[in-house]
Amino acid sequence: MRRALRAEWTKWRTVPSTALAPWLAVALTLAASAVVAATAEPGTTVCPTAETCDTVRLTLSGVQLGQVPVVVAAALTVTGEYGTGLIGPTLTAVPRRLRVLTTKAVTVTAVALAAGLLSVAGCLIIARALLPGSGLPVPPADATTWRAALATVLYLALITLVSLGIGALLRNIAAAVTTVLGLLFLLPILARLLPNGHLLEKYAPTTAGLALQTTKNLEAQLISPSTGLTVLTAYAAAATTLGALRFHTHDP
Amino acid sequence: MMDGFPDVMRAEWTKFRSVPVYLGTLLGAAGLMVLFAVLISSGSPGTYDQAPYVDRFRFTHRPLTGDGSIVARVAGQRADHPWAMAGVMIKESATAGAPYAVLAVTRGHGIRLQARFTTDIAGSDHKAPHWLKLTRAGTVITGYTSTDGSVWRPVGTVTMTGLPSTVEMGLFATSPGAERAVPMRPVLMRTRPGTAVFDNVSVTAPGPPWRTDDIGGAGSPEPPPPLGIEPTAVTVTTPAGDIIGQADDGSRVIAAVAGSIAGLLPLLALGSAFVTAEYEHGLIRTTFAARPGRVQVLAAKAVVLAATVFTTTLVAGLAAFLITQPLLRLQGFRPPTYPDPSLADPTVLRVLVGTAAFLTLGAVLALGVGAILRHTAAAVTTTIVLAMAPVLVTPMAGGPWPQRLGPLAGLSIQQIKETDDAFLLPWAGRTWTGFTLLCAYAAFAFAGGCVLMRRRDP
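As given, the protein sequences belong to chains E and X, one line each in that order.
Residues 304 to 555 (the numbering used here) are what the first sequence spells out, left to right.
Residues 3 to 460 (the numbering used here) are what the second sequence spells out, left to right.
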């Protein structure tokens, strides 16, 4: 298992597209959060008044953009091997297929957690620096803030597993990326167009998962943080299970 | 350049039709378009389930018997929606749905004289502060505006047959929300309470005291401020409310294309992969060995891609249009309010053909990005993020600009009767502006791809 893990880690860090992904994720998260924090002002939809403004959620919102490189890299770790034919040698070296997929899952989760921690820490520093300039209070260093921050890291790890599962299921990078990004970005938009779409919007992975970032106006949210976490975990479990089934039962 | 362009095109067409994933993606995109059109058409015009109008606002009023007039200066208006009104009103009674005539300033559509949910007469382009006067002479109501309170210009007259001798006359404010949204196009504006500050209020004859009522249940947590016996300065705040009649908003046509965005994502991936896959499989070397004219190869790819995507999505759009018509009628979108649309109508044709062109341009844009980046994951991700990010931040940005400037500005081709930007419907009133912008994006990406392909080794 340890050797298989080391092999996966070597692949991850020596392929430029996956090696760059976590750094790109941190950079994009911080850039997006900085723009949001600098342009936020009381009296907008996201921020009705300075008191009711969920500054924690506002500061962490950059992860919506920052998640993209990590989820794409997660899908690439599986589909990339099918594209180049590397999957043959990989399965020759480690014939137990579930072990291969598990080591991939461990690797991408670890990377996502690391990128998430760095991003979240950066976001909180940005909040401290930029929010007062926008006339908004700095988020307090209390348990709620820490919960939202750690939940964001957890969100990143779970959404990465969703992407890995979809990659293993579809085995085609273009299809996997389109499906994952569609799930993340298009589903909430389409839900808004449909009659009774709030039911669908509620259970979209981004809406459900990022409910965990909420620290204020909990009753105004579509879905509660705990239900949101359950829904996102269900997505991750379903995607990885389906991916593992296909990986286990179908030849490369 | 040694081979004829038709040969290059034939080669690209063979590649396209012999890869099952490409054909599957194309058909999948068409299927998604039709599926979402059907799903979207399964909802009713919810706002008008109870009555064919919305009549909800706060009204500070007093009775008027016989002829007379009301004069007020709108000193200020605080509201977000371009159709938020602040002005003077004569209404048969203080109940929702009763006949009325209003003269008001709006946030974004100038001075309006409106009556009975159907009449809408545009006045000058002034905003608050502005003077307004509404007079009643028998059944004729006339509206006047003025910049100084002494020189009055008529806006128009409305005749209200059957108006009783005693009516309610007063001041009002609205703050539209979901009522102004086309059912398939959520409103883009955030909604704040609409506040109107009036001064120099005067009515012809002294009479019974003023009172404030929330018409149609426009109640707010804060009770209305107390009024003097003969107040001259009044502030009216409506938390959320509108005065509007049910009318044809283009729903019968929009429903067929509102889901086109669902088909866009697979088509973007298809456009990118059509060129990047050749790099990843090394096929590009063979392609260039056979056809050294690299720009020719990319142009041939673009033509094959554009032709197939345009044809498929046009057929899908037509199918969606035909399938949704009976569904929409069933849901209450029927004549006389919502006339049956015809394929011979230039607007309907423009929306259907324009949507196919929008999706085609998206695919060509993706092809250009693919030629620039030469990496499937990078190209697909970049194109999708470039397309979706501006739309996603638009509702939060509190302004229409992000979606106006992104590639999805091309959705402006789907406009029918919009007077203001809506979600996924930018550039209201300027149908071709956003579409031209998307053409420019696609041309820019394609040109960039050509230049780089020619300069670099595969």
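The reader is advised that the hints may include incorrect statements.
To be verified - Okay, the calculated bits of chain E under chain X, using three or more residues with CB under 8 Å as the criterion: (1) 465 to 471; (2) 538 to 549.
Said to hold, decoys possible - Just some of the chain X residues that point at chain E, by a computed CB distance under 7 Å: (3) G78; (4) P166; (5) T378; (6) V382; (7) T383; (8) V387.
Think of the hints as simulated: they come from the structure by calculation, not from any bench.
The beta-carbon is built from N, C-alpha and C at its ideal position, and this holds for glycine as well.
Hint by hint, here is what the structure shows:
1. For the region 465 to 471 of chain E, the stated coverage by chain X is violated: 0 residues have a C-beta nearer than 8 Å to a C-beta of that chain, whereas at least 3 were required.
2. Counting residues of the region 538 to 549 of chain E whose C-beta sits closer than 8 Å to any C-beta of chain X gives 0, which falls short of three, so the coverage hint is violated.
3. At a threshold of 7 Å, the smallest CB-CB gap from G78 (chain X) to chain E is about 16 Å, leaving the interface hint violated.
4. Proximity of P166 (chain X) to chain E is violated relative to the hint, the smallest CB-CB distance being about 41 Å (cut-off 7 Å).
5. For T378 (chain X), the shortest C-beta to C-beta distance to chain E is roughly 5 Å, which falls under 7 Å, so the interface hint holds.
6. For V382 (chain X), the suggested interface contact is upheld, since its CB lies about 5 Å from the closest CB of chain E, less than 7 Å.
7. This hint holds: T383 (chain X) has a C-beta 5 Å from the nearest C-beta of chain E, less than the 7 Å allowed.
8. Hint on V387 (chain X) holds. Least Cβ distance to chain E is approximately 6 Å, under the 7 Å limit.
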